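Asks: Please work from the sequences and hints to get the whole structure.
Residue numbers (numbering that gives the first Met the number 0), protein chains in the order written: chain B, 0 to 753; chain E, 0 to 149.
It is possible that part of the hints are untrue.
Label-pair distances were calculated between CB atoms; the ranges are [to be verified]:
| no. | chain 1 | residue 1 | chain 2 | residue 2 | range |
| --- | --- | --- | --- | --- | --- |
| 1 | E | SER117 | B | ASP203 | 55 to 61 Å |
| 2 | B | GLY734 | E | GLY51 | 51 to 57 Å |
| 3 | B | LEU260 | E | LYS13 | 35 to 41 Å |
| 4 | E | SER117 | B | SER676 | 42 to 48 Å |
| 5 | E | ILE149 | B | ASP271 | 25 to 31 Å |
In short, the hints are calculated from the structure, not lab data. These numbers come from a predicted model, not from an experiment. Glycine included, every Cβ here is placed at the ideal spot set by N, Cα and C.
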Amino acid sequence: MKNKSLVGSSTTRREFLQGASITFMVGATGIIGACSTNSDNALTELQLPAAANKEISPNAWVTISADDSITIMFAGTEMGQGSMTTLPLVLAEELDADWENVQVDIVSVHDPIYGNPIRYTYYGFPILYTAGSRTLEAYYPVMRQAGAQARKFLLDAVAVEWGVSVSTLKTELSQVIHIESGRALSYGQITALADVPESLPSVDESEYKSQDQFRYLGKDITRVDVPGKSDGSAQFGIDAQVPGMVYASVLRAPVEGENPLNVNDDMARAVDGVIDIMTLPYGVAVVGESVEATFSGKNALEVTWSTTSPFRTANQNQSLDAYEAHAKDLTFSTNSPLWQNVGDIEPAFSAADNVIEAVYRTDPAYHAQMEPMNATANVSDDGKSAEIWVSTQTQSLSIMSAADTLETSIDRITLHPMLIGGGYGRRGEYQAKYVDDALLISRAINKPVKVIWSREEDVKDGIFRPLAAQFMRAALDSEGKITALHQRVATPSVLSYYNVPRWELSERRDGISMNGAQTTRYDIPHIRAEHLIMDRHSRVAAWRGVGSSYTRFANESFIDELAHQQGADPLQFRIDLARNNPDGKEVLEEVGRMAEWSRPREGRSLGVALSDYGGASVAAGIAEVSVNEQTGHIQVHNYWMVIDAGFLVAPRNVNAQMEGNVIFGLSNALKEQITISDGMVDQSNFHDYQVMRIDEMPDIHVKALINTKSPSGVGELGLATTGAAVANAVFAATGARVRELPLTPDRVLAALLG
Amino acid sequence: MASFTINDEKIEVKANPNTPLLWVVREHLKLTGTKFGCGVGQCGACMVHVDGSSTYSCMTPVSAVEGKQVTTIEGLSSQAEQALQKAWVSEEVPQCGYCQSGQIMRAADLLKTNPNPSRQDIITHMRTNICRCGTYNRIIKAIQRAAEEI
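Replies: See below:
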């Protein structure tokens, strides 16, 4: 299992054609390992006589080799969510392939044929971008079609060869079998019979397998990346090793927008192993023979920075107060199209018997992905071509932005997509600063270079879930029925910083900032959600759950407030509101049963929240907490979550994602806080940006409903229930409403004091 | 020059004595299974064994392991250690996987001194290691499974 050369020898012609890829072999013991391949190795194989290793590709997604191995292309990226196994498994299912002989290649090119078909078409064609929990949902039909089409091609080829009708044949585990005689040809053998025709057979959905025929889907197949992640052989971005490579580290401006004015590098140059020091527009780079030389050299730099950046005046409470004032001022608008507009709220508010209002404030959050930002680049002598090794959530944007940086064309960028040591949105931005570091330095020194950010740089130069203040209001009629709901979200546009090309095509509709601000499961006749685009006071990014971790904190806390205002049970209140939404109603009812909602419990209280994600998926969560009213400390004892995400392609993995979402969400809800003072990030590492550890985790109880609907996303599902569920439980326990996230002890105490 | 034993092999490394063992292991010796997480002993991603005990390699200068036995994830070989790695696959512990080498090194340390740990023993011992993906439940299960098998 540890012999990487086993995998290295599996390099195929396809990889040569594509420049580079990472190959994962599935064997009897699971994955054997992973390694990046380079075109030199592949060239050797390409020179072999073609017949000795014939392979055919019935379509862009699958290649069948004479030796019976099958390569399936994976167009997403793998950051622990499991898509690198799930998508190829869907294809293998319809192909009726023997999974033991399948290897998975990560697509490394920016080619619309591999683009995410339902979502990411901001550039006129689909791009490769793994985000928003839309990978399985988007590619499920594509993988089924590709697998079924390849299978049909193989059947047709054998029917012709044997002079029989296709209806007399069947397939099983990478074989075509003549039903009556039992005569069989392996898929590998068929490569000698047929070439791929000009036009491929089309397959109707009715010809797909039915769910009861599935051999792999709905079962627990070991993820291809798991064995390598259990023996140290998995290759993440930071593990890239390139012959002749040197290292670099960049000292960045303490405040965004400042530049180095004067650099004294005498001491740094004297550090053993430092090769060169160069000034970049945004910092000073130290190049060295080793990581430690670059870190020591960087510490020895003396730099005078400019002091003119407008971000110098950014201070958290001041910014948040300004956001709040804008949120509450109903005459204020930033001319964004309404995020959601159902009915007409204005007459409803005018006619209301009672109007309830509340403001919710949330601090920025850091991804705290375990793998610090890093990239390796090798730029050609002319400065116009490059190879890059990077953990990225998006092959397309990495290639496009690298081409922008080198002012070259995308065909001159060769990407080696590596495994991702934590994504959560951190590795989905358009212009990745860490990639720019590696490109600019490699171009300047004419060598391959690996840049590694320290954890402190990763925090200080982090891109964060944005600061937000939200104004919620509801109109109630004389019977206490909610007639209108209005959510005003004052927060920066994430897209306008994080992904400028997409922002330019967005018409000021920011699907990252506003994610989760829509109310789709409750029967409320008039709904409006709107974005008030604030000046950003820090760098901003998509964060796990995208906007929903703060938008749902607001709207699901507020629904709770409305329930209590009516003297209603908060769970039953939601179930009643979801009366016309069977999925939402069902997850609420089921999570209530699991948590034994009505059972009195000594010293502990429950809170509930509902959150859909990405359209089709929906989750309900219940937190059981106790509150120390002396210290303000919240203890979460149990968390129950029920989801409906359609057919469960990989049930065990779904449960893993649910548990992860609960922990990630609770960690944020209870503890995580980025603050900005004078334009600088106050936190620097895991001691002052604490994330949940194993001994802080509650007992977690998850259940995914079983059904036959098309699968939808789970990677971020339910995370957004956590903040509101805990805050609602705190209210149930104490009568104090905490409207600021995270729910830190000082805020709980302040709320207790009223 | 530092000389020590790594994964049963005696080696000499040319490095400044203050160099964190982490960088010697990862970038000088190319044993990249050991990960850089925080550099300050807060997350545990860098854990290796020094003379059999789990140690933050990011906080350990290479001079401190002179003449000692260093084991990395690549060098785990005892029955218990291999049972642990197998349990990690059986329970499908890793998500992004970046912290898991450190988690396994830490868990191996536990099983060496406490072959039948209680759930609470496991939780107390493993609190040194952060997993951002939230695989903690499966870490507990995998350690319990490995303990049962050995």
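Asks: None of the hints should be skipped; say for each whether it holds.
Replies: Hints, one by one, checked against the model:
no.: 1; hint: SER117(E) - ASP203(B): 55 to 61 Å; in the structure: 57 Å, holds
no.: 2; hint: GLY734(B) - GLY51(E): 51 to 57 Å; in the structure: 54 Å, holds
no.: 3; hint: LEU260(B) - LYS13(E): 35 to 41 Å; in the structure: 37 Å, holds
no.: 4; hint: SER117(E) - SER676(B): 42 to 48 Å; in the structure: 44 Å, holds
no.: 5; hint: ILE149(E) - ASP271(B): 25 to 31 Å; in the structure: 46 Å, violated
Comparing the model with each numbered hint stated earlier shows that hint 5 is the single one that does not hold.
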